[in-house]
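Spelled out from the first residue to the last, the chains are:
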Amino acid sequence: MEPVLGIDLGTTNSVVAAVEGSSPQVIPNRAGYKLTPSVVAIAQNGRQLVGQMARRQAVTNPKNTIHAAKRLIGRKFSSKEVQRVRELVPYDLVAGEHDDVRILLGDQPLSVPEISAMVLGELKRDAEAHFGQAVSKAVITVPAYFNDAQRQATKDAGRIAGLDVLRIINEPTSAALAYLAGRTGETVGKLVVFDLGGGTFDVSILEVSSGVYRVVATGGDTFLGGEDFDQRIVEWLVFGFAKEHQIDLRKDRMAMQRLKDAAEKAKCDLSEGQESQINLPFIFSPPAADGTEASPQKPALHLMRSLSRAKLEDLTRDLVERALMITERTLSEAGLSPTKISDVLLVGGQTRMPKVQDAVRSLFNREPLRGAHPDEVVALGAGIQAQALVAETSQMLLLDVTPLSLGITVAGGYSAILIPKNTTVPTSATHIFTTVRDYQTSVKIMVLQGEGQRAEENELLGEFLLSGLRSAPRGEVDIDVTFSISADGIVSVQAKDRETGTEASITVTASSGLTSEELQRIIDEQRDQLLEQRQAVETRTKADELRSRMSDLEQIFPEVRGLIDGSEFGPDALTKAERTLQRGKAAAEGNDLAGILSATEAVESILSLFRGIVAKLAGSGP
Amino acid sequence: MSDMSGGAPDQPIDPTAVDLSPERQREIEDLLARTRSSDPREVLGVSATATVDEAKAAYFALAQRFHPDQFFRKRLGSFQAKVERIFTQLTRAFQEVLRNPDGPPPVASPAPAAAAPLPAWSPDDLPDLWEEAAPVAAEPQIGGRSRERFAKALQQQRFDLAVEALAALEVEEPHALDLPKMRLELKRRQDEVTAMIEYTKGTVAHQKREWNAAYKHFEKASALDPRNAVFVERAARALVFQGDLKEAKRLAERAVELKPDDPNCRTTLGRVFQLAGMERNAKREYEAALKLDPKQDFARSQMRKLWWKG
Chain A
402 MEPVLGIDLG TTNSVVAAVE GSSPQVIPNR AGYKLTPSVV AIAQNGRQLV
452 GQMARRQAVT NPKNTIHAAK RLIGRKFSSK EVQRVRELVP YDLVAGEHDD
502 VRILLGDQPL SVPEISAMVL GELKRDAEAH FGQAVSKAVI TVPAYFNDAQ
552 RQATKDAGRI AGLDVLRIIN EPTSAALAYL AGRTGETVGK LVVFDLGGGT
602 FDVSILEVSS GVYRVVATGG DTFLGGEDFD QRIVEWLVFG FAKEHQIDLR
652 KDRMAMQRLK DAAEKAKCDL SEGQESQINL PFIFSPPAAD GTEASPQKPA
702 LHLMRSLSRA KLEDLTRDLV ERALMITERT LSEAGLSPTK ISDVLLVGGQ
752 TRMPKVQDAV RSLFNREPLR GAHPDEVVAL GAGIQAQALV AETSQMLLLD
802 VTPLSLGITV AGGYSAILIP KNTTVPTSAT HIFTTVRDYQ TSVKIMVLQG
852 EGQRAEENEL LGEFLLSGLR SAPRGEVDID VTFSISADGI VSVQAKDRET
902 GTEASITVTA SSGLTSEELQ RIIDEQRDQL LEQRQAVETR TKADELRSRM
952 SDLEQIFPEV RGLIDGSEFG PDALTKAERT LQRGKAAAEG NDLAGILSAT
1002 EAVESILSLF RGIVAKLAGS GP
Chain B
4 MSDMSGGAPD QPIDPTAVDL SPERQREIED LLARTRSSDP REVLGVSATA
54 TVDEAKAAYF ALAQRFHPDQ FFRKRLGSFQ AKVERIFTQL TRAFQEVLRN
104 PDGPPPVASP APAAAAPLPA WSPDDLPDLW EEAAPVAAEP QIGGRSRERF
154 AKALQQQRFD LAVEALAALE VEEPHALDLP KMRLELKRRQ DEVTAMIEYT
204 KGTVAHQKRE WNAAYKHFEK ASALDPRNAV FVERAARALV FQGDLKEAKR
254 LAERAVELKP DDPNCRTTLG RVFQLAGMER NAKREYEAAL KLDPKQDFAR
304 SQMRKLWWKG
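Sequences listed follow chains A and B, in order.
Reading the first sequence from the start, the letters are residues 402 to 1023 in the numbering used here.
Reading the second sequence from the start, the letters are residues 4 to 313 in the numbering used here.
Honestly, the hints are just simulated from the structure, not real lab data.
Please read these numbers as outputs of a predicted model, since none were measured by experiment.
Note that the Cβ used here is the ideal one computed from N, Cα and C, for glycine as well.
There is no bait here: all hints are sound.
List of simulated lysine-lysine pairs, PhoX-like, C-alpha gap at most 25 Å:
no., chain 1, residue 1, chain 2, residue 2
1, A, LYS538, B, LYS77
2, B, LYS223, B, LYS262
3, B, LYS249, B, LYS286
4, A, LYS652, A, LYS666
5, B, LYS252, B, LYS204
6, B, LYS59, A, LYS591
7, B, LYS59, A, LYS822
8, B, LYS155, B, LYS184
9, A, LYS822, A, LYS477
10, B, LYS59, A, LYS741
11, A, LYS897, B, LYS85
12, A, LYS822, A, LYS481
Distance ranges between label pairs, derived from CB positions:
no., chain 1, residue 1, chain 2, residue 2, range
13, B, ARG186, A, GLY853, 19 to 25 Å
14, B, LEU187, A, ARG767, 37 to 43 Å
15, A, ARG767, B, THR206, 55 to 61 Å
16, B, ARG186, A, THR794, 46 to 52 Å
17, A, THR903, B, LYS77, 30 to 36 Å
18, B, LYS77, A, LYS652, 55 to 61 Å
19, A, GLU900, B, LEU164, 15 to 21 Å
20, B, LEU187, A, GLY641, 58 to 64 Å
21, A, ARG875, B, ARG186, 22 to 28 Å
22, A, ARG875, B, LYS77, 43 to 49 Å
23, A, LEU489, B, ARG29, 57 to 63 Å
24, A, THR901, B, PRO25, 38 to 44 Å
25, A, THR794, B, THR203, 54 to 60 Å
With these hints in hand, go ahead and build the complete structure from the sequences.
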């Protein structure tokens, strides 16, 4: 049976796992590493790089190296999150047609799902190399607090990468699954998963009993993670450097990339040690002296600073506090106090920071659990879920919840919630609404996601019009609005006039910024591109074959010329052979596979003819 | 927008082609029928006295067999909607048990699952009065109508409908400032009606001379509507017949306190004093009662008795 993958598509790193035999295993990439950096680049020579290769050349090629695309996925270009990222990243962002984000990669504006698809495609190929067979089915994880648009965009990325996305599941749930797998039958009390990853923070409260994993409540912040901790260090370094030398390093993309790498390394060092040295020689090089500089020539400058653990904790204090606040709020939403929690599981690279562990320990007044590999559990859980879905019968069942409330805009610009957050999915809810104006014959249903009281504070998932209502004074027409979330997490909304039975509905799906036509086009293009690539490879091989045949022919040519030059059919045959060679040379230079093949055929027939002549004449000769 | 969920493989929908054994189909139909019940414990298949833990175990066991994931990418035809409905109903029932662990609330309210617990009120929730009026949207707006439904239901004393309308209003206008007031009003009106029912039952028991039962009904009525002196007075009277003078005195005094100008309350208090041998106090109360209502025959006859005695 074809292996099914579990993929943790992370902000900084991605991991792929699958159930092999009876236990889930992380699948190493072709370089032998378990973690693949979620980095995509176009190298100077035009080659597309993914993973470690892309990451390694980031410093020298910052503009065309895309990292942390997950922070952009499914977001609107005009959102404040995207505008913030835009200031921080060395690559360029432009607005797409539907206020979606496009990333300039090698001057080509690509949608975020396309960038993520490159990472997913790499993981897919790694898995194929590992298993020695094609794999196409996968469960992909997302932060629990991702909204519908972000989930859809992630799904689109999978489709572009040629994956059949079985399910999108939540990262903390997935981690819990992996952590508790194999402990079936055992009733675990309430478990809190505290997941502070590269870009996002999630907290989920689960209740686990005999193979059923029921999420009680979930909360989080899709803009709080390790990258923010790094950024604090970068800012501290930039600020210090500016104070000392009056030079703003932020203008230099390459310097910023080096700072970012150094900050991340220092942060990791400080999880073990108390002090870390940051050493960046030649961080500032004076502009080339071309005489046009008005300012006096500055010498090359180096950055050398030492960062203590205490200072790092000071720089990031509010980030840790924010995570704790969200945790407390989520607990209270679930009607639980920290003492009612039987275990706390730490997930995500950033939970390696001692300060984070201390904070969690003191909130719950217990030692938090940590798996041996906090970076891998999410992918392992996804692998387990993928296997459970395709298995004929499974003892394992995930009951997850909607992280955000769903509702519609009602008169006055308020949001009327039909499905509150933390509702177990699949689910549905119906509510009666009415008209607000006399003789109004249509209503607009605007589907919202979020907790904002005002409609505009929420994500607009989609909108549609229900028309053909009975013309009546306001308040007299009953309109049933039904929301459903399928097991697959797909939101659909239906509105129906009770009296006339007129109805209208939408399935909210294509909200990733890509319309379904665009998505199809990209998928087709990908397929065409693959075909083209395959064809190019074939053409090159065939052209090489042609060249080698021609060189065989050229080698034998003088001998044949000597043998038959005087004979009656000699001149004719020789001219023909020369012409064939010329045609072959032209074909070998071109890209026309058919031309190459026919030229090869012609060369081969002459070659066999000549070989025959040589064998005959040279053998029977003197 | 179109569906590109990729959830189910594309295939012509043939409701007759279903990857389910006939037994499984029957199981699903049976469970679906059961989930139509309005009693959450019945939906979950547990006894009426089942604890939350028992309900949870039943919910988990049923979910494990009937969750849509257990039919992942199977051809279900018409059963697709059925299994989704079953799971939604099971979840709703379980949530209901979690909300009311001790059984159904006093008034059977088919509260929609959408009724979220209301956030605590804070000054931040106050609408900004200086905010410009929302511009009239060009779009045809949709609105709720639960406010009218609530008022009408209250007026007709259809509390089931009022509960429903209020739950709906919480969805439509979660930030309406008068929601707590409306909730209190509903409870008050509900209690009033329940108190009247108890009062009637008490009166019936009293006529049958079942003093203890009568006392209990009046006591309940009084607990639901503590400002009503009549209930307290009747409870006191039932106690007098039962012979519990100490408690009767406390209640009768309370009744008088609540409604000093009610002759019945005065008479009852007078009777308590009289039986307790506090004749001077008894006379005073009877006099007060007669002053308020000269037709208080019992007070008059007892006054006469006391007078003769004295």
